[in-house]
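Can you make the complete structure from the sequences, with help from the hints?
Protein chains in written order, with this note's numbering: chain A, 1 to 245; chain B, 1001 to 1366.
FYI, nobody ran anything at the bench for these hints, they're computed from the structure. Heads up, a few of these hints could be off.
[Said to hold, decoys possible] Think about it this way: if two alpha-carbon atoms lie no more than 25 Å apart in a straight line, the pair counts; the simulated DSS-like pairs of lysine-lysine are:
| hint | chain 1 | residue 1 | chain 2 | residue 2 |
| --- | --- | --- | --- | --- |
| 1 | B | K1232 | B | K1244 |
| 2 | B | K1232 | B | K1280 |
| 3 | B | K1244 | A | K179 |
| 4 | B | K1232 | A | K179 |
| 5 | B | K1244 | B | K1256 |
| 6 | B | K1121 | B | K1152 |
| 7 | A | K179 | B | K1256 |
| 8 | A | K50 | B | K1244 |
| 9 | B | K1299 | B | K1280 |
| 10 | B | K1256 | A | K50 |
| 11 | B | K1113 | B | K1100 |
| 12 | B | K1256 | B | K1232 |
| 13 | B | K1066 | B | K1176 |
| 14 | B | K1121 | B | K1066 |
| 15 | B | K1256 | B | K1299 |
Quick caveat, the model's predicted, so the values are computed rather than measured.
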Amino acid sequence: MITPPPPATPEQKSVSTIRALPRFTLSQRWEHTVLLISVVTLLLTGLPQKYRATAWSQQILSTPERVFTIRNIHHMAAILLTFLVLYHLFRAIYLLSRRRLPGDMLPSLQDVWDAFQMGRYLLFLSERKPKFAKYNFEQKFTYWFLFFSIGIMVATGFILWLPITATRVLPGGAIPAAKMAHSTEAIVTGIFIVIWHFYHVHFERLNLSIFTGWLNDSDTRTYHPLEYERLTGEAAEPPQTGENL
Amino acid sequence: MRKHRATFPPHFLIPSVLLVILTGLILASPARAEETTHYCLSCHANPELSITLPDGEILPLYISEKMLQMSVHVQVGIECSACHEDIQTYPHPEIEYDSKRSLSRAYYLTCRKCHSVNYEKTLDSMHAKAAEQGNLEAPICTDCHGAHDVQKPNQPRSLISTTCRQCHEEIYTEYKDSIHGGALIQEDNPDVPVCTDCHGVHNIQDPRTEQFRVHQPDLCAHCHANAELMSKYNLPANVYSLYKLSWHGVDVAVYKARWPTIWHDTAVCSDCHGVHNIRKTTDPASSVHSQNLLGTCQKCHPTAGPNWVGAWTGHHEVSLDRTPFVFYTRVFYSSFTPFVLWLSVLYVVLQIIRSVAQQVRRSLSK
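Now the structure itself:
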């Protein structure tokens, strides 16, 4: 049953429109969702396998059949992630060949300078945050960290899945090394995401633009002033405090 | 000087007399046993003495006195009738057994009178199960220990393996050529395992069961994780702890903890090293010698190629010479992991401090 809304107060009557600016394409939003689903599944099914000697893992994997089931789920999520990686790479190659690959995720000297400025700001040596473009150095670091981490995870994961096939090409010593890398890299990446990414998109401010595709006017102006200027042609006010007032 | 004559006061006499009587009683019992034994031997020392049992078997009734004297029982004065309870008189009662075997199987129960603990154990053994299933040849006390010539079963230690050999000839042949068997038989080594060290003594279990398999590494660890013992032979004592960290070892540990009654195919010590035929790893005939290792892996991983053996780190700590790939991976992560994680923690903490400071400043300026 739908209840009628309460009578509007004078303030609410004055409609304010919040302008939102485009940030992510539909393809990027889907890629992120698929990445999220596959990575969470891989972590949840991988951890009990890594910690099989512990009681909690044995509680979950309480029968030998469950060990096979969890391994199968892990493999299915791995295939999903592999397709995502291939899609992402081939799309980039395709766009590059058409000279349409946006270069804004590529690391540049500006990022080093921005990081230096940000360090000064955080140490109270400067009152101003650097002016960021579409992707700031934090976001680029997240992207490239995950890029290489997933590369390692996929490569070592397939070595562990098909070790006998792998040793037709690779020396045998690669198998235990892959096991160590797969297991350690997963933990490092998992903790990194929780500390770094969760802080930046959940605690610093709730940023859901990767799901909606749009970032509101004021956040764009505050956090990505150069992008704001590029999109609107208006001057973004220089952030006096580094905070969205 | 005055000569003193030794005199015994009367109150000294009573204990002395008691002492003499007691000593006499103690000395008298073997003498009496000897008497009974002599009495029995007056007939049974005759090598011709025998009877024919209903199934046609001839039961020799001859007892060699020489053999009897070697028995540990006779040496402590246990007489014939202690075991032959039903024969207390002459003429003897009629023998009611059809065959020699049924006679042995009836008489051995008398061991239980003194050795009840070990007797009870045998009831739980693989041998007792074989007998229950109708195999009357399954061993009873006297088959291993002897009847009239009971000896200490482990003197010398190699006697144990020759006792088992009576029935398990093939296994003995494998064992005598193994590193353990060779040291036992040739050098009378006191440390190497004999049959009973792994299989148990009176309650010997079926070694083909899930439970035996899942506990099998512990059997080897009993000696091979003992640093003191291993140092004596210049062997590493960390093989078991490293095995437990390996893919195989973790799997076996889970089965042991959770599913000991479910069969598992994960490799335990004996799958690679052999069972009774274990050899030195440097022996070209060893199943884990570098030349034979691939074949051993292929027992479980049939499609494995020659590079596969390199995947096996052996029971060795990670090291640059032996496992360079793992070594460098570990070097990388031992610096990369703390670097990345501390960097992100530091960065986020600084951001939180800065943002709190900013908010405080703003609220103060209002």
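A quick look at each hint next to the structure:
Straight-line distance between C-alpha atoms of K1232 (chain B) and K1244 (chain B) comes to about 23 Å, which keeps the hinted pair within the 25 Å bound. Distance restraint check for K1232 (chain B) and K1280 (chain B): the Cα-Cα separation of roughly 15 Å lies within the 25 Å cut-off, and the hinted pair is therefore satisfied. Between K1244 (chain B) and K179 (chain A), the direct Cα distance comes to roughly 16 Å. Compliance with the 25 Å bound is thereby established for this hinted pair. A C-alpha spacing of about 35 Å is found between K1232 (chain B) and K179 (chain A), which places the hinted pair above 25 Å, so the restraint is violated.
In summary, the hint linking K1244 (chain B) to K1256 (chain B) is supported, as the alpha carbons are separated by about 12 Å, within the 25 Å threshold. Proposed proximity of K1121 (chain B) and K1152 (chain B) is supported: the alpha carbons are some 19 Å apart, at most 25 Å. For the suggested pair K179 (chain A) and K1256 (chain B), the alpha carbons sit about 23 Å apart, so the restraint of at most 25 Å is met. Of the supplied pair hints, the one linking K50 (chain A) and K1244 (chain B) holds, its CA atoms being roughly 14 Å apart against a limit of 25 Å.
Distance restraint check for K1299 (chain B) and K1280 (chain B): the Cα-Cα separation of roughly 20 Å lies within the 25 Å cut-off, and the hinted pair is therefore satisfied. With a C-alpha separation of about 18 Å, the suggested pairing of K1256 (chain B) with K50 (chain A) holds against the 25 Å cut-off. Proposed proximity of K1113 (chain B) and K1100 (chain B) is supported: the alpha carbons are some 22 Å apart, at most 25 Å. Between the alpha carbons of K1256 (chain B) and K1232 (chain B) the distance comes to roughly 30 Å, so the proposed pair goes past 25 Å and is violated.
For the suggested pair K1066 (chain B) and K1176 (chain B), the alpha carbons sit about 31 Å apart, so the restraint of at most 25 Å is broken. Distance check on the hinted pair: K1121 (chain B) and K1066 (chain B) sit about 32 Å apart at the alpha-carbon level, beyond 25 Å; violated. A threshold of 25 Å between alpha carbons decides the hint, and for K1256 (chain B) with K1299 (chain B) the separation of about 23 Å falls inside it, so the pair holds.
The structure is inconsistent with the numbered hints 4, 12, 13, 14, although it conforms to all the rest.
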